[in-house]
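Trainee: Okay, here's what each chain looks like letter by letter:
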Amino acid sequence: MKVFMLGWEFPPFISGGLGTACYGLTKAMSNLGAEIVFVLPTMLEGEFASHVELLSPAQASRMSADGFGLPGLKNVMFRTVSSPLQAYSSPETYHHRVEQSTKQKQAGSRRNIVELTAGPMYYAGDIFAEVYRYADEVARMATNECFEVIHAHDWMTFPAAIAVKQTSDKPLIVQIHSTEFDRSGEHVNQGIYDIEREGMHAADKVIAVSHLTKQIILSRYGVPAEKIDVVYNGVDQNGNGQLRSWETGISKDEKIVLFLGRVTMQKGPDYFLAAAKRVLEVIDNVKFVIAGTGDMVHRIIEMAAGLGIGHKVLFTGFLRGEDVEKVFRMADLYVMPSVSEPFGIAPLEALNHDVPVIISKQSGVAEVLKHVLKVDFWDVDEIANKIIAVLKYRPLHMTLREQGNFEVRKLRWEDAARRCVEIYNETLIPV
Amino acid sequence: MPSVCFYFQVHQPFRLRHYTVFDDSYRYFDEKKNAFICRKVANKCYLPANRLLLKTINQYGGKFRISYSITGVMLEQIHEYAPEVMSTFDALAQTGCVEFLAETYYHSLSFLYSRNEFIEQVNKHIETIQQFFGQRPRVFRNTELIYNNELAYTIEQMGIFDAILSEGADHILGGRSPNFVYRPVNTEKIKLLLKNYSLSDDIAFRFSNRNWSEWPLTADKFARWISRYNGNGQVVNLFMDYETLGEHQWEDTGIFDFIRHLPGEILKHPDNDFKTPSEVIAAYEPVDTVDVPHIVSWADIERDLSAWLGNAMQSNAIHELYRLENRVKQSCDSNIVDDWRKLQISDHFYYMCTKYFADGDVHKYFNPYDSPYESYINFMNVLNNLDNRCAHATGRPALSDPDGQVAGELQTAN
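These protein sequence lines map, in sequence, to chains A and B. Sequence positions in the first sequence follow my numbering and run 49 to 479. Sequence positions in the second sequence follow my numbering and run 242 to 655.
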């Protein structure tokens, strides 16, 4: 099986679950023997490759003029197209990033700042122009590639994917990791919605990361149910557990409650803080860590101060790699109070690190996890009630940790990849 | 021979209401939900089953005989929420063909944690049965048929019982048949009746299972299976939850028709009859002793305590509960004592079971919680409040965290 895959981020340059999902899925597919050409936008020519070198200088990844490979992904070839587009972009952040990049260039810096701040949504125009310019370039590139199916992840790739489908006449599978309704509530950006809708309707198959997302696709985008398949994400089960050093800077008799995710309306950081306030009314020796960044960071810092719990809330900024491992090792509990979460890979990673989790009922991952605590994101008292219980009662903590860690092992990227290959095959059967 | 001995367990717990760490009300139980479930089960099971069995008993002129164990907390709820059920039980008691058994009033696991509390609850149940039905129970069954040698000894020492009921688990019988009367080791007077789990479960669990090779189960087929024991068995003990009739097996499965026709089919064979537990032990002498050093129960395939005490949360919750016993009793506040006892209802711990949670199983039956974890949190919040009430009443500090610190180290399992 040869796949032409369109994504937006890939480790180590990730700002959220999309990159993690693309990595997990691609790696598992590669192991199953699928050959994948993975197309990514890069801010500056060669930027991505230079970071790959930072990761694995010795392996000197298979580089060639038109792409490169990565160690551990033997059947995957990466192609990059220069573009300032990045995952979780909005017209505003796109504009902001282009400006910043120009400034950096002027300052002679080759370093790209990947940390993202998602701004308020309003139509700025040029991101759409860029999405279509990017589509043209990708379509041109695709004429030199040999593949059987096209697999595109989330809206920014859809115009490119449709263009490739038109020029190649190959089946298109679009995978929906998040919709405009998840990211923006009811204040959707019409331009983004239109692109999402067009992509889903042009596709031969739509993969939703949960039944929650499938429902949104059905009701908001009018896609026929028989075209939609649900494929749950997995979690990588290696690369942790050996490092046990405690470099926390937080005294050991204090409990740590962790929020890890983009600090945006969608992720519910304000509910996290409101619950923290309630928790601190009952127990004192606990700290709340907010790991991540986003357009609500300043508001959340002010909110913490306003609630009088500023000294109990720590902000780490955006974390990746080793730092994520470290923060999970520190944490006694992970809370994901998302207002809307199509899937939610982070809770799986928390469980993988032996950290019990409280997740929003309004999340796709709630469909697959049983040995977790589930809450309505708006029910601040109930979130606090459960946080207190996990911190206070060791048998609860222990049972959640043990059963959760066992349960999460059942969610494997290998199974997700196998399902995707099955779906590809369905599209290849002549009607 | 053989005699058919029916015993039906009638029980519904007092379910807790949603109770967070921020609550401080002394109202722990969800009256609305408990009333709703009680009336629902009354309409689907207790009322139609009582009427059917009453009619059948009258029809066979005393030849059809059955027994019940109705928990105290069930009787309280029937009295309060479904008084018409009470009058039909009363009518059954009047027939003289129905025996009422004794158990712990609160359907508790107190035998495992406090012998004094256990005996108090058994006595309270006996008094209640006497008061409602004019009978003094002479046969004991423990919560979920939980049993071991020590229980038999304790029951014999109480001096008021003739027999105990338990599960006829293979490993305690060691190849012997459950269809005889036995004697517990190290006892002299008391007798043991063991559940024929195969035939009991044919009715209780497999009756409506269309994948079962014997489906549909008819009264004459079942009567033939019973009659097979002629000459090699004294009694076939059919023990099951009363909710089997109409609630676990819905009316449209034909369960009521099955019961309606069963006495006639069984009595067709002249050597068969129906006996209540007391009549069984009056008629038959023990054929052998049974040694049960380790606990058995009738729950799940494990037939052990793991449904109530299988994980750290369950073990912790029940230990913390019984740790309060002295303080509760010293409070001399009957409301506190009653609430504490209602917290002993074994269902609270059953809801915390993680064993089959992922499969979504029988443990879900009228379970008010989404997960075992929610059930534990709720229970511990209530217990914490009860502890504070004791502190208030006795003027001694609460056992749990008085200063609001995380008391993790105090709360380890066991």
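Keep in mind that the hints are not guaranteed to be accurate.
[What the hints assert, rightly or not] The following label-pair restraints were derived from C-beta to C-beta distances:
| id | chain 1 | residue 1 | chain 2 | residue 2 | range |
| --- | --- | --- | --- | --- | --- |
| 1 | A | D301 | B | K273 | 16 to 26 Å |
| 2 | A | H346 | B | S547 | 49 to 59 Å |
| 3 | B | R451 | A | E415 | 47 to 57 Å |
| 4 | A | D429 | B | K365 | 30 to 40 Å |
| 5 | A | D463 | B | E325 | 29 to 39 Å |
| 6 | A | E274 | B | N576 | 26 to 36 Å |
| 7 | B | S266 | A | I349 | 53 to 63 Å |
| 8 | B | E455 | A | D463 | 51 to 61 Å |
| 9 | B | S547 | A | G233 | 43 to 53 Å |
Calculated from the structure, these hints are not laboratory results. The structure presented is a predicted model; accordingly, all values stated were derived computationally and were not measured. The beta-carbon is built from N, C-alpha and C at its ideal position, and this holds for glycine as well.
Trainee: So, against the hints stated earlier in the document, which numbers end up violated here?
Mentor: Numbers 1, 3, 5, 6, 7 and 8 - these are the hints that the structure violates, sorted from lowest upward.
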